[in-house]
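Residue numbers (the numbering used here), protein chains in the order written: chain A, 1 to 345; chain B, 1 to 382.
Calculated directly from the structure, the hints in this document are not laboratory data. In this text, a Cβ means the ideal position worked out from N, Cα and C, and glycines have one as well. Check the hints yourself; a few may be wrong.
[What the hints assert, rightly or not] Just a sample of chain A residues kept apart from chain B, beta carbon distances all over 12 Å, derived: (1) A85; (2) A90; (3) E116; (4) K208; (5) K302; (6) A307; (7) A328; (8) L333; (9) R337.
[Claimed, not checked] Cut-off 30 Å, straight-line C-alpha distance, at most; resulting in silico cross-link-like pairs (DSS-like, lysine-lysine): (10) K208/A / K265/B; (11) K348/B / K133/B; (12) K33/B / K114/A; (13) K265/B / K377/B; (14) K70/B / K208/A; (15) K221/A / K265/A; (16) K265/B / K347/B; (17) K355/B / K377/B; (18) K377/B / K347/B; (19) K377/B / K265/A; (20) K221/A / K133/B; (21) K355/B / K265/B; (22) K221/A / K70/B; (23) K114/A / K26/B; (24) K265/B / K114/A; (25) K265/A / K133/B; (26) K348/B / K377/B; (27) K148/A / K208/A.
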Amino acid sequence: MMNATSLKLATALFVIAVSASAGAAKKQIIWCKWNADPAHPLSWAAVRNELQPLLANRNYRGAYQLILAKYRHAQAAIQVNSEIASSFEAELQDFVEGTTGRTSFQFIDSGPPKNESRLSFKTRTIDFFCGQDTKLGLDGVYATFAGKLPEHTNIGYAASLIFLASGEQLEDMLGPAGDVIDSRATGYRGLLLDGLPMWPWELYLNGKLFGMRSLESPVPKYQLVFFRPSAGMEARWPSQEEARAEASIGVEPIGLVRYVGSDYKNWWGVSALVTLGTADHGAGLGVLGRYNNYAVGVTKRKDTEGAFIFFSYDFYDLVNKREKRNRAADELLGGLRKKFEERKK
Amino acid sequence: MPKSNVLFLIHGVGNHSDGWAFDAIKTLGVAAKSFPGFVNVNQDDPLGDEIDFVPITYNEIFDALLERFKDLAAQFEPLDEAQLHSPVKKIKKLSEEFDKETVRYLGDVILYRGFRLVRNAVLLKVMATIARKIQSTGLSHDGTPVKYGVLGHSLGTTVAHDALHLLATTPWLQADAALAKLKQLTPELGQSLAGVVGDNPFSPRNFMFDAVFMVSNTSRLLFTTDEDPYHSTVRPVGPGDLKQAVCGNFYNFDHRLDPVSKLRKFRIHDAWRPDVTGAHEPTLEHLYEPNVHNLSHYLMHPYVYGPILGHLAPSFSRADWQEAWNRVDNGAFSRWGPEYLEESLRKKAETAMTKLLPKSSSDETIRQLVGILESLKSLEKS
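Isolated chain B (complex conformation) (with noise of 0.2 Å):
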């Protein structure tokens, strides 16, 4: 039976295997079983059958170009040190630092944002993935339409946007075979095609994802696309806008602590005008780990796995959206977790993070979200 509505999943920097997603998707089961709606489910994979959990990984390509950069440089290991000249050396030297941390890290980001055929590649394996679930999942099961989110996180927010935009701006259908697949369909579809569809099936006027939720969007510092956050087609629609949305929902998940999300901050509010209903920024300050930027310390506060549950598993009903709502309000969800109750506790974790909040405007460089990220572990680890 297929399931009801799909949630691709992009990932942040660092090593992702096939199962990263696996923490995430636990942390919305967990969640999910909380509410009437799911007592009768599997209670050990409660949203089995209502989201369809797709987890896109791209950082294979960084990888095994980082590998080839070091095969490149292993060729002249056989020679003897001596016999090299100075500029081969450096690049040799350079090679031995490819396994580092840091270099990954900053291997990932500067791979993705200065190199542009790794761009492509990077960005037609997420545009590749996203296309072919929907083709193969269709728009909808018994009369009933089928729903698509997207969830990025960190990096994955930058990749997710600029993926969003050129899926939907894309002339695909113009595409010299894409032509020749159209001819053989019938000739009412041909004559049509321009006036209902257009060269793209994902423009925005013809598809919509319901929702997109950007987890620690890090898209304004590093986005690639020729239009950037503010005036991309990654936006909800509003009054007007309908040409120009990918989106029914934007949800920008934006945690207090995160100095992630801070470097050229993305604020819903600077981005589009107020009647664009469909933008949601809600105010995060929970604290149940060290490293607030994990994907799964987010998913876990009702401000965030509510919008998610509420646009995507049906059996979430509208009643257990309200009452996600309701438990930050009435103090269900408490702020601080268990080994945080002790105020001075607290206090130690939040100096930790507000010191890795970027002080100035001239922080806000590749340089120091990739000295971010390494303290975060450095943090996580201690």
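Bound conformation, chain A alone (with noise of 0.2 Å):
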């Protein structure tokens, strides 16, 4: 019968020999960068095949199981079993019972001076020495620490093995929480940018509002509107002679807008509305309601009779454009007109 000593020495040969056939494998990467052997029982190259279709079918339990048995008669053949291989064996067991996560069998790599690779699990780590580099990996430094540590070395490829396969269950789960992340992020973005533009002090109330809500919450669709200020004309006719318009500042005391739709491009809302019109009416005292960027308010005021209407700057501009457009359109059919009459002649 073999003692371990020999047959520690039988694993750093047949790791050597194996790494001359080992070319034509592609390439994995262990712990401290070095190149896996590919002859390893517990080499992704060694497992793939068995492994890969149960990942294909998302029976991803049945992978992990895979790998603890393959971990077990790994380190059945080496006839070691100290305390870390139990340690991580007892990891490896509550990963397939899903009571710890794949972290704990994630590499992670210092430069130096410590120069290392470790895992650390919840109840110890376990340090990797990488030594002096070597490009290969299967010759030299690799050889001898296979060599020296075969238990050691059946635990860092059993770590990777899981570390890959798990991976795989994440990627599923990746896909619905970037469609959370993405939706919040738009959503977020067009109530700021393409919705009802904040003042400062607006945008300061609504974060405190409606943003205090945890993320993967939905955007809020409502926006609070607060002492708004804005430019529009405040017309009046009791009659045709007296009708007259004039230049007004509307403040919009309180108020609250809805979105309409996921763009944060539509929506409607209805504020209270105070009025200063330029010509000495003194205040006037109403109700808005808006949709989209146009807001056209009525209001009363103390010592006039009849109502006068506010119309914000971006109607009166629209309302302006559409005059303007009129007006250019009245003058080219004037124009063809009158050159249809000349021709005439």
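Since each chain comes alone in its own frame, lean on the hints to assemble the complex.
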């Protein structure tokens, strides 16, 4: 029967012998930036054919159980079972049962002066000293490492396998989580940059009111309007002769906006309204309704009979533009008509 | 062919267009070319096949908001000045200030720090970019795990801190839309979801960045998360810490003369227990240009580019990493740049920078930070 020393020596020789025929295998990086030995029973190359069908069928539990069984087999082959190995096996078992996370199997690299890779899980840490660097990994340092520390080698490969396999399960979750983050990002951006523009104090207050929710929650669909000034026109026409319009400033002391749709490009809202006209009519009090950037309000003044109509600047601008367009069209048509008459003559 | 590993780059205050990281990437490339592992790679783009750089911008949100404030104020322009009431006049006058550089700096910091909706938009944009990139790149190639790193500079360190903490601690999969999608997957997956993955695939038990690089760290001054940077999840993993740590290694790069990082300075030894071995804070004292706060000036130092390439560039071997480390010790990397070989020039530059260092804890305010950033700009110009 072979003793432990001769077994370790045999493992080292086996590793070196196999390395010569390993060129065709795909590169797998293990700890310390070393290339994996494809002949190791726990390397990706050695288990890929058994593991990939399980992963492709999303039978993750089956995949983890396969890795656990392979690890036990590899440990049995080297006939060394220390406290480190038992502790790691318990961690593997916990992972299969779902009571520990996959980052227990992630190598944490440290450069100089430590120069090591470390596995860190709930009960302990295992350090893999990297030693002098080798580009090939299958000769020199790696072979020495595998020969001297076959247990660490098995643990390292098993950890790499679990980390890779569980990564495939995690990838399934990245899409749904990414969709939620994306939709919240688009929503907040839309609210800020496509919605009803906010004055700084409105931005602050809306943040306090609607922005404190956890980020996975839907983006707010309401917006508070608070002491919002806007320039516009105020008109009054008790009779055709007395009709007049004047520049005015409207202030909405309080109001609410509701967004329609998910892109924050359409909204409607209602506000209280105070107007301060340029003519000496005193302050007007009333209500304002808005749809997108256009707002119309109705106000009453203490000493004046009848109602004033307030148009916000955007609305006034829209009407104004339309008037200008109509005037331009009239001029064009007039010109054409004139030319037509001249030709006729 | 997919690139090996990914580095997210998050910028500081001020205007940053899409190409803002060009100088930083170039500096890392120049450093890489000086090592044997990069002799046979494309010399014009030595890291092209090694690291997928993902520069993240967010200042366009600040810019667009400041433009919106200006537009709102502009509606009063057609009105006669004499017709305007006093508060409206003040608003109009304020909006004329928005183009000044101080206001842009101050605006960026105040909008981020003081306005929750703006902060949510910025952080979600950063998180969405990170999450989508990880999803599209995947977690392994041909049996080798893909490594992810995050580098923040100046205000970008605060944004990186806040975004990484929220990415790791928000229960994204509890959202209705996510639950509906997960139900479409296999029953086996549904059953094991709670046990193995939980409600967040980016939680520390599931996902860890290999390294986080904080360059001129402002996170203690400006953080907005419920936990401060000494107690948040943005920490390197230590014994028993697996559920709280978002990264394997945390580098705090802080130049001795950089005044920006000295306002509520982040100190590794105050932050975590000594047995948290993945925390690094190398001493940086080099002087190659007047503004030592510049990202490129930091990146040219072997103690800075060494770990970045060591963690993320596959061709940068362990021996190269050791060589980078040795270059400081053996003087191959000079502490003084060619323009500072003369002692009088060094002293002049050092005095200029020292003057900007905060003198007392009462200076540790956002206004002081903005003042420092402005002074650094004028120092660079002069």
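Hints versus structure:
no.: 1; hint: A85; in the structure: 19 Å, holds
no.: 2; hint: A90; in the structure: 15 Å, holds
no.: 3; hint: E116; in the structure: 9 Å, violated
no.: 4; hint: K208; in the structure: 7 Å, violated
no.: 5; hint: K302; in the structure: 18 Å, holds
no.: 6; hint: A307; in the structure: 22 Å, holds
no.: 7; hint: A328; in the structure: 21 Å, holds
no.: 8; hint: L333; in the structure: 29 Å, holds
no.: 9; hint: R337; in the structure: 34 Å, holds
no.: 10; hint: K208/A / K265/B; in the structure: 29 Å, holds
no.: 11; hint: K348/B / K133/B; in the structure: 45 Å, violated
no.: 12; hint: K33/B / K114/A; in the structure: 24 Å, holds
no.: 13; hint: K265/B / K377/B; in the structure: 21 Å, holds
no.: 14; hint: K70/B / K208/A; in the structure: 23 Å, holds
no.: 15; hint: K221/A / K265/A; in the structure: 12 Å, holds
no.: 16; hint: K265/B / K347/B; in the structure: 24 Å, holds
no.: 17; hint: K355/B / K377/B; in the structure: 14 Å, holds
no.: 18; hint: K377/B / K347/B; in the structure: 19 Å, holds
no.: 19; hint: K377/B / K265/A; in the structure: 39 Å, violated
no.: 20; hint: K221/A / K133/B; in the structure: 29 Å, holds
no.: 21; hint: K355/B / K265/B; in the structure: 17 Å, holds
no.: 22; hint: K221/A / K70/B; in the structure: 25 Å, holds
no.: 23; hint: K114/A / K26/B; in the structure: 28 Å, holds
no.: 24; hint: K265/B / K114/A; in the structure: 26 Å, holds
no.: 25; hint: K265/A / K133/B; in the structure: 28 Å, holds
no.: 26; hint: K348/B / K377/B; in the structure: 17 Å, holds
no.: 27; hint: K148/A / K208/A; in the structure: 62 Å, violated
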